[in-house]
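Visitor: What follows is the residue order along each chain.
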Amino acid sequence: MIKATSRYCNDVVRGWDRFWFKPVDPTHLSLLRIATGMMLVYTHAVWGLALTDFFGPYSWLDPEVVQEIQSGRPLLSFWWYVPAGWEAVVHWTAVSVLVCFMVGFLTPVTKILAFLIAISYAHRSPTALFGLDQINCMLTLYLALGPCGARLSVDAWLRRKRGKPLIEKSTAANLSLRLIQLQMCAIYFYAGLSKLKGEFWWNGEAMWMAFGNLEYQTYDMTWMARHPYLVNLSTHITVIWELSFCVLIWRPLLRPLVLAAGVVMHLGIGFALGMWTFGLIMLVGCASFLPSDTLARWFSRAKSVKEPEAETPAIENDEDYREFDDLTPAADDVPVAATNAERPALASSSTTPTSSSPAREPHPHVQARTVAAQHVNPQTEAPPNPSSDFDDENETFRPRQPR
Amino acid sequence: MDSTRDPLENEPVDPDSIDDSLSPPNVLADIDSDRTASADSHRGNTGSQTQEPASAEKPGWHWTIKVAVSLALVWHGLAVLAGPASVNPSSPLQQKLSDNGVTYLRALALDNGYHFFAPNPGTNSTLLSYRVVRADGTEVVGRIPDRNIQPRVLYHRHFMLTERMHEFETQHTTDDGNEEWTARGPRSYARHLCHKHNGDRVELTLIQHSVPLMESVLAGKALDDPEFYTETPLGVFTRKELLP
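Which chain is which? The protein sequence lines are A and B, in order. Per this note's numbering, the very first residue in the first sequence carries number 1; after that it's consecutive. Per this note's numbering, the very first residue in the second sequence carries number 1001; after that it's consecutive.
Calculated from the structure, these hints are not laboratory results. From a predicted model like this one, the values you see are computed outputs, not experimental measurements. Cβ coordinates follow ideal geometry from the N, Cα and C atoms, glycine included. Hints are supplied without guarantee of correctness; some may be wrong.
[Said to hold, decoys possible] Per the computed footprint, the stretches of chain A lying under chain B, defined by three or more beta-carbons under 8 Å from a beta-carbon of chain B, are:
1) 29-37
2) 129-138
3) 210-217
4) 272-281
Produce the complete structure using the sequences and hints provided.
Guide: What follows is the structure in structure tokens.
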């Protein structure tokens, strides 16, 4: 009993460690930076069309009243310190910083500034905000915690030009991605949970209340009144999808379906309710669930190199989603005697020194153990690893091998 | 060797992840060659003749840092969950957690309820019509949100101004000692309109636009049929009181 408990606790700690602190390629995070940066630049540039209406001394929201309402709360905004007449200068300087963030120029600085800019606008004009701004601020905050300018950026280009090395993998990149993922789970969970309090979400008419609202409508959706079951179905699916997102998204087999449904829902919001910016920024958040290794390969120029050992990924990669997928037996379930003979991944990768995929690198523990054990015969042929049925790189299950 | 140090090497060894069939020389050689190839790939160079430097891989975090970060993550996770849970109706426990944990989330603009179209989508939209009368007798008449405002995101900004007009309120004590909340939105909006259009007087009217039932639409009613609109005067504000 004590041994089992100890083993369980050990598994929990290792799972936690893998989940939060496993270094990943920063390409994924950099892609999110570009997408978020584009949205930040666009939405903040649009503020410029009515700058004094929202940020001047005689704006819709009287600055004194906003500060009075926010009294006692530490709500930072540089707009409180901008003198009258300087709004345009400050605004377009801020937009320029956001452009730098988007293209990844001086990212260690501009990612912090981008977050400060995003919350400054949000705190200055609180009643003009909607979901778009919430997600903008959230993404910018978590991107600022990681090396979001390490790839696909001016910074990376400059580093290469100057002969400086790039960051290959980063724990902070993983941390940022995980925080975005968990925040998206919380957002959808509460979005779904709060709908359970509403009558219209139960009687199936909620989607009509959205589509039939003239102030939201961009296209005439009144044809849906002739299809009440379609209204009901879309209403119920929305609630079920939002409530189940935080569970199903961690299941590798279901993840593509969950994300595809999210794409349909958010593009539908953009199309029918005219909230393209909100729909797209939610999809940027959802994009944090895309496979990092695959994205890194796609955006690597070495993708033209043939990768012969793709069907036998490294052990480290096999364990990516074990903690979320009970279809995959834990490594400890495999008899030790069989394990060593049945793990070919490292032997396979040792024959392909030109591999460009970080996922196929030998596990560091292998290095430590093999140095001590002085084993030979690196070319051992063996069947695929049965302790992991899920192939993260291809997002498919491998056929099980008899034990 | 530092540039090829694996970030996970400080972790406890997992016996199941060890392949005893590999010899040390080959493994180490593979690590070096893999990293170099990967670095080349990021430089857009897939050949082996490059003279550019290898990629720098950050070493894994020390366990003390991991513990500290883990504690922060637990705290942050609780705060993220407590924030939306404190939206009314909520329990005293939820409110207590929220009060203690959400302060810094508010500073980070993360204190959101995420109640999108909930608990119900609005059964009506809130609009605001205005009439600004100048000293010379000319008038400026308008309504927000105006569907002609482009781009769409700017239209939504104006729509939110009216939809959330009554969330913008402050608490004060009346002459008889009672606490009272006063909506500050209408007066603030009137002040803006008065200054923008150089008005002498501003009249505001609240318009509630109900969403028609499906049956009404099937019966031939248009969404903008006058019967779905109700108007409530919000008051007349003079320049003297708005812009003293």
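Visitor: Each hint: holds or not?
Guide: Each hint tested on the structure:
1. 29-37: violated (count 0)
2. 129-138: holds (count 8)
3. 210-217: holds (count 7)
4. 272-281: holds (count 4)
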